[in-house]
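Peer 1: Position 186 of the sequence shown, counted from 1, bears residue number 186 in the UniProt record's numbering, the numbering being contiguous throughout.
It is worth saying that the hints were derived from the structure and are not from the lab.
Ranges between beta-carbon positions, derived for each pair: (1) A120 - G66: 33 to 39 Å; (2) S304 - T149: 41 to 47 Å; (3) G40 - A176: 50 to 56 Å.
None of these values were measured; they are calculated from a predicted model. Every residue gets a Cβ at the ideal spot worked out from N, C-alpha and C, and that includes glycine.
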Amino acid sequence: MRAAPARGTTQAMTRAPDILCIGSVLWDVIGRTASTMRPGADVPGRITRLPGGVALNIAITLARFGLRPALLSAVGRDAEGDDLVTECARLGLETGYLYRSEDLPTDRYMAIEDTGGLVAAIADAHSLEAAGSKILRPLSDGTLGNAQTPYDGPVALDGNLTESLLAEIAGHPGFAAADLRIAPASPGKAERLLPFLRAGRGTLYVNLEEAGLLCQTAFDDAQTAAQALVARGAARVLVTNGGKLCAEASRTETLSACPPEVLVTRVTGAGDTFMAAHIAAERAGAGRAQALDRALAAAAAHVSGEIAS
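Produce the entire structure from the sequences given, and follow the hints as far as they go.
Peer 2: Okay, here's the thing in structure tokens:
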């Protein structure tokens, strides 16, 4: 597999990024309808193509808060990949650390949403999985750090990476000094975060269903779920539950808050917006309760459509 540096690398790397966003960087193809859909339904609506992927969604929101995120991911050297890199740069994201391969196509995510939210989705992130640890080279070759001088800034990490790579990161010397913030990407990938529970590393951002999968049980509320995750080894965790009470727990404290009531117009990317807003609030000096409130407000604005895609 041959790879070349991302275009514009020299100019883009003149200033260190504020945060690294590691994981899926792809095109979101989203179909939305004002109708209620059933299996086999064929309804009118709108179809859009937007930059997406968990790591990219987080990075875009972080840039809106004035931070300079860098992307570590795999993007093909196809036309879709060139378009995606150009759009990411336009949005203020650092693309010079991307792994770009001649042999891997740019990943895609396809979803359908109706008035009730997400109907179905398919994530084609095979190129990210195939690239594996190659996307982490800047953290070991001295570009961003190495085993002797590890990167010591914040890292937003998503569960679209393979189980083996996530397990490697949990104990990787290149992440020893990093402030790890981790999201599972989807309920189907929640159990990929188990190495971080075992290692007691990082801050986990999960929803109620994902918390249940990690604990192998079902929870009725976010506060109980957050406390259970800490009991299983998590250093710190935030558990969301749609429009219901959200909770944060650590080994010393648990707090909770309710999100603002809004009209839901979309759901894709809400969790990513919540995580990014929380990280940005804490980097700006907000306390735990204030950071949680800001994150919930940002996620509510996203699902209501107040923040443009």
